[in-house]
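Read top to bottom, the protein sequences are chains P and V. Taking this note's numbering, the leading residue of the first sequence gets 1, the next gets one more, and so forth. Taking this note's numbering, the leading residue of the second sequence gets 1, the next gets one more, and so forth.
Don't read these hints as lab results, they were simulated from the structure.
No farther apart than 20 Å at their CA atoms in a straight line, the calculated lysine to aspartate or glutamate pairs in the EDC-like style are these:
{"id": "1", "chain 1": "V", "residue 1": "K236", "chain 2": "P", "residue 2": "D429"}
{"id": "2", "chain 1": "V", "residue 1": "K236", "chain 2": "P", "residue 2": "D408"}
{"id": "3", "chain 1": "P", "residue 1": "K345", "chain 2": "P", "residue 2": "D482"}
{"id": "4", "chain 1": "P", "residue 1": "K402", "chain 2": "V", "residue 2": "E53"}
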Amino acid sequence: MTTTRFSILAGSWLALACAFAAPAFAQDDTLDRGIGSEWSSMDPHVNFDAAAGSILSDAYEGLVNYNGYDILPGAAKSWEVSEDGLTYTFNLREGLVWSNGDPLVAQDYVDGLMRTLLPDTGSERGYYFTSVVQVVGAADIINGDATDASGLGMTAPDDRTVVIQLENPAPHVMNILGGAFSMPPLHSPSVEAEGAGVFVNPARVVTNGAYLIREIVPQSHVLLERNPLYWDAANVSIPFVKYHVTEDASTELLRYQAGELEVTYDIPLAQMEGLQATVPDEVKITAGVDIVYYSFNLLREPFQDINLRRALTIAIDRETLEGRIVRAGATPNYSFSGGFDPNYKMPVFDEAAMTQEERNALAQELYAAAGYGPDNPLRITILPTVAEESVRRAQGIALMWKQVLGVDAVVEPQERKAWLDAFYAGTWDVFADNLVGDFPGPETFLPYMRPSAEAGYNWVSPEYEAAMDVASAQTDPQARLDALAVAEKILLDDYIVAPISIIPTRRMVSPRVGGWLESPVGYHNSQYLTLE
Amino acid sequence: MSDTSLAPIPQSTLSLQMGRFRQNRLAMASIVVLTAIILACFIGPFFFPFTGEDADFDAINLGVDFTSIHLFGTDNFGRDLLVRTLEGGRVSLTIGFLGAVVAAIIGVLYGAISGFIGGRIDRIMMRLVEVLYGFPYVILVILLSLLFGGGNLALFAAIVFTLWLTPAVIVRGQAQSLARREFVEAARAGGMTDGQIIVTHIVPNTLSTVIVYSSLLVPEVILSESFLSFLGIGIKEPQASWGNLIQSGTAAMSTDIRLLLLPAGMLATVLFCLNFIADGLRDAFDPNDR
Numbered sequence: 001m002t003t004t005r006f007s008i009l010a011g012s013w014l015a016l017a018c019a020f021a022a023p024a025f026a027q028d029d030t031l032d033r034g035i036g037s038e039w040s041s042m043d044p045h046v047n048f049d050a051a052a053g054s055i056l057s058d059a060y061e062g063l064v065n066y067n068g069y070d071i072l073p074g075a076a077k078s079w080e081v082s083e084d085g086l087t088y089t090f091n092l093r094e095g096l097v098w099s100n101g102d103p104l105v106a107q108d109y110v111d112g113l114m115r116t117l118l119p120d121t122g123s124e125r126g127y128y129f130t131s132v133v134q135v136v137g138a139a140d141i142i143n144g145d146a147t148d149a150s151g152l153g154m155t156a157p158d159d160r161t162v163v164i165q166l167e168n169p170a171p172h173v174m175n176i177l178g179g180a181f182s183m184p185p186l187h188s189p190s191v192e193a194e195g196a197g198v199f200v201n202p203a204r205v206v207t208n209g210a211y212l213i214r215e216i217v218p219q220s221h222v223l224l225e226r227n228p229l230y231w232d233a234a235n236v237s238i239p240f241v242k243y244h245v246t247e248d249a250s251t252e253l254l255r256y257q258a259g260e261l262e263v264t265y266d267i268p269l270a271q272m273e274g275l276q277a278t279v280p281d282e283v284k285i286t287a288g289v290d291i292v293y294y295s296f297n298l299l300r301e302p303f304q305d306i307n308l309r310r311a312l313t314i315a316i317d318r319e320t321l322e323g324r325i326v327r328a329g330a331t332p333n334y335s336f337s338g339g340f341d342p343n344y345k346m347p348v349f350d351e352a353a354m355t356q357e358e359r360n361a362l363a364q365e366l367y368a369a370a371g372y373g374p375d376n377p378l379r380i381t382i383l384p385t386v387a388e389e390s391v392r393r394a395q396g397i398a399l400m401w402k403q404v405l406g407v408d409a410v411v412e413p414q415e416r417k418a419w420l421d422a423f424y425a426g427t428w429d430v431f432a433d434n435l436v437g438d439f440p441g442p443e444t445f446l447p448y449m450r451p452s453a454e455a456g457y458n459w460v461s462p463e464y465e466a467a468m469d470v471a472s473a474q475t476d477p478q479a480r481l482d483a484l485a486v487a488e489k490i491l492l493d494d495y496i497v498a499p500i501s502i503i504p505t506r507r508m509v510s511p512r513v514g515g516w517l518e519s520p521v522g523y524h525n526s527q528y529l530t531l532e
Numbered sequence: 001m002s003d004t005s006l007a008p009i010p011q012s013t014l015s016l017q018m019g020r021f022r023q024n025r026l027a028m029a030s031i032v033v034l035t036a037i038i039l040a041c042f043i044g045p046f047f048f049p050f051t052g053e054d055a056d057f058d059a060i061n062l063g064v065d066f067t068s069i070h071l072f073g074t075d076n077f078g079r080d081l082l083v084r085t086l087e088g089g090r091v092s093l094t095i096g097f098l099g100a101v102v103a104a105i106i107g108v109l110y111g112a113i114s115g116f117i118g119g120r121i122d123r124i125m126m127r128l129v130e131v132l133y134g135f136p137y138v139i140l141v142i143l144l145s146l147l148f149g150g151g152n153l154a155l156f157a158a159i160v161f162t163l164w165l166t167p168a169v170i171v172r173g174q175a176q177s178l179a180r181r182e183f184v185e186a187a188r189a190g191g192m193t194d195g196q197i198i199v200t201h202i203v204p205n206t207l208s209t210v211i212v213y214s215s216l217l218v219p220e221v222i223l224s225e226s227f228l229s230f231l232g233i234g235i236k237e238p239q240a241s242w243g244n245l246i247q248s249g250t251a252a253m254s255t256d257i258r259l260l261l262l263p264a265g266m267l268a269t270v271l272f273c274l275n276f277i278a279d280g281l282r283d284a285f286d287p288n289d290r
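If we strip away everything but chain V, and leave its shape as in the complex, we get (with noise of 0.2 Å):
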């Protein structure tokens, strides 16, 4: 008589996770169109003989045309809206991206801290957040721009210093449950420095709350990307991002839609995506929570 037939194969959390994640078609079909496009942004710019920063004078506002090269035509300079769009799109998605791991990590390692060592510390680490919570956020990223002296980098500083706040205090909250059970007892019993613990302890044991948050993150970013970017504090000119390519295209709304519906339509399609995806990660990692 043997009954391995009938044990269930030990499957690890992650695996079931990702099972479950798989079954969302929904995020499913998000994570293929999302794939598309980062594509497309990153790789589609180098089959057009020209970049976004290049003018035709002598092929300005062409309508959307799709025998020519100008398949959406052209902006009010010559310059491809296609491309310009996908150039925009590499700025928008890089920062995004790279913003919400950023976000994550200082927010994670802060958060983690803090929950785990506790008492005054802990209430001083999370004072400095409730104070940096209490900032208006446009203002500080206009007053962090006039600091770093605007482009890219202080943007990209701007927006990661006022998201990491959120992440910190969710990861402090289960940072602080963790601090007190037995496995971290017995690993500070076995000789484990504090930091060791909240390395391989702790931090481990939020990831999947951090996955699904970050992944929440990303959407966020973006949308403060493009934000200040149409409020004119963000990427500027010529340089395109989703942002700056909106603000034009809402110049010419009534005339020429084209020029507004490209970059918004690309925008919300990503937002939708990743907001799919979260929302799918989610589900999977939390079934409790359906």
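Chain P extracted, bound-state conformation (with noise of 0.2 Å):
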């Protein structure tokens, strides 16, 4: 509550303070989007948190964009793939420049891969090139294998053509490759004059998306400008976007109502009902790409016991959960990549066909089993976000583990930036996780979970690589998608993680808002949107 309260004052001083420098930020110029908490990083190559994602689209363009289901260019005004699908060439616009007017290369999108992959960068998006889609020489740089972009298979012939080569052909590809949230270009100079640090410093920062960093105000907001040097700059009709940070939901719904925003990160969930009633045209609920799921860290002794694993997944009963208790539209989910591709012949833990009260009555043989009962509770924390919606499921969860199992599970909701950190520490028993995927198929989710995608779920698990090897050898899509199911059917027999739901996005956009397109992975860059 402080800190909502200090980003509103802050917020309207600095905005009392810019009306009076500069005319030109007056306010009926702006786009007003909540991001709900804080971005966790600016910097483009490391950050992997969907909110941020959105702020740094409009800043940066990739080769190509998104907007709602299409695929449109970007910087590349043209690509091809070549006959085995192995071999994309991006040919890039000419007259292309960064926001400070030096000339845009090819190169600086292989520099831009090169930043990402090198492992003293930091960045937690490196498993895209090697798992999800398998770029030549990727997985050798994130090794440490290779320090330079020599073996990589991303190159620039020219300055006006991008090849990239993979290992592997993949379906998705076009998903990952060249999007702004996992292929920006680098600017090299300044990153190498001043480091990372140039990326939360709106006055140095180099940007060549369709937005210019203006303010950059931690736990308040980020102000962008309409770029000039932007090769479409014509068709760019908002000049300022400003994202605020508003942690808390019910506060940006009043953010909302009172004019401050246009576009809200969330709609509280118990005004839900109320809203759909009486301006149903500004809800804007859309089947998202983004599953919820229940890790449980296999370091800590309880959690090595399958049995116990298996009790507190199924006894967690998905349908009152979404239902009756979270009531945010989500949809429970027995499986863990929830299955978006209708081919996709989705493989579902064992216990998914019984009812709860066998589910349950199971769930506590097993956890009767795993050594735990009435004289000796199992003692757990669960880690979600502050977001209230994540909250109310961490409760929920809580209070049938309690009911059905005795288990006594205490919620410690962190800030979104110290719930990502502390996950990579370790220091939960329960991690509320969820994940976003950038397209609608099993192998946005699944490649994640490999352990040498993402070491941080300490599972080992040769069977589970070697099935995921497997798959992305696969040409044929069916056949591709059965053998993925085979994998996802080895990460649901070993309950590392218990999957619980597939949820929506919700935002209330302002009807003086236009241009708002249905996105399954909420791409909705401010380049695309008009303002009334």
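The task is to assemble the complex, starting from two chains supplied on their own in separate frames and drawing on the hints.
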């Protein structure tokens, strides 16, 4: 609460100061968008946070752009795919420049990928290029076996051409290759001169997207201004975009209703029904590619017992949880990847066919088999973010574990940044995890669970790695999906995570905002929007 | 001729003070209300077939219905609101009274020692108090709860740690003036040690101030506890306290005010009662100050 109040004060104060300083900053030219909690990183090659990703997608441009379901030409005006599906050639536009006037060349995109892959950068996103798609040579750089781009399958034969070579064909590749979230370019001179700090310094940061970064005020806002040097600047209609931090969804809604925001990041659960009845056109609920699952800390002794993990997984009544407790429009999920692709024969965990009563009875047996009981209850903590939905889901699950098994679970909500840090520090028993996909299909999630891609789970499973390798070598789409299903079953059978639900994106969008398209992965670049 | 009928009946100071206190109607009414709330909090939940942590997923978000078992309805998880509020009251009241007593004991002893001994020791002890006063309260609480690993004990320690300072300063002033009085000189001449003098002469003579101040301390502690739980650094779910009940009530403020009103109403009533009682005590114990 303190932070929220502070940010409103700071925000209005700055707005006031700006109004006096430059008339151009007048409120009516500004699209005010909520992003919920504070961005976790403004470094485009490091950031792994979807909320910050929407700021960065405005500020940086990849080879292609996304709007709704469409893939649009970005910095590349066209691209070709080779016969075997392994080589992608992007042709860049003429006359592209960075925001400081430097020419933008193909090599900048190669440098951007290099920065993401190099271990020194500390990016969590390198796995995109070894697991989700396999760029030739990317694994060597991540592992530290190679330190330069000579072996990398992304090259710039001339200033206007980017060539990407893959180990295996991947039908979903265009959703990863070239987007601003996964492959932003790098302006080497500024980063070499000032290090990673340049990305949070609005005076020095150099961008290439439709917007320039004007102000970064921690816990308050990021202000963007239209980039006059952007190749498509003539079609960018909104001069200023301001992303506001509002930790609490109810406060965010109040700001929206007061006209301070035109787009929110979330809708408070308690008010959803009321809003849908009174302003149905402003409530935008989209089935998102966003899964929630609870991860068990395999380094802590109780969770090394598969009986316990299984008991906890099946003791959750997902229908009651989502339908009656959380009531956020989420769909219960009994598989990991959620089956966004209709051709995917989605595996589910073995107990999914049972009724909840049967599951509870089995869970009690397994719990006892793991050595716990009324006299010796399991005591654990659950780490969700402070978002209302996430806290309520965690409390509901804690109550179900208490009711069915007698587990004493304490819910300790963390701010998003602290929550992410805690995951890598391993200071949790049960982590209220979620993963936002880049495209609707199982392959956006499953590669992330490879032990080699995400070490944070401390999962040892050569079987899963092998099964994923089999899948990624398949060229036929259906055979690939079938092989992925085999891998997913291995993941589910080990119960290292308890799948919970698939969550939608919920936004309030003001009628003043035009061009808002439904997007399953949540791409809503400001350059495609209009403001009346 | 006997004048016994005219002589005043000898009365102790305490009974005079109590007599004055009993005439304060507001304070007496507050005692009745407060006792009722305390009894309800500690005994009430036993009359229900469930506890505040038992969720009934078939009875989520029931409204107020005095004919059903859930008198004030249930919360988002199907837990009985009244029972949770009463159980939360247990936690808040226990921490409030225990915290005030412990803070007062520490403060009185510290202040009495400092004021009675005087000199360099007094200066060092009082500078320490001033240094502790200088710490920002919330940051101190966060640090202490990290140190104690969270939980009720950490919260209790953190509250006591910050609230014993004021009684210490007040008692120290009293002890300083008492230390120069003749009866203390006499006790010293009679061979009592400093420790004995502090316990038998100094502390009892500061008691009326301490009682008045402690009675003001109780609502302060309760408010601190609720405030910290409201911010999420105090009592954690699923355990209830008035602070975290009010916090979850504010989230539903515009749709279901009942969740906020019951715990907030209880908290406000208790705080009013305690303040009226403290006022009454001060008027009774210190008639010159009226």
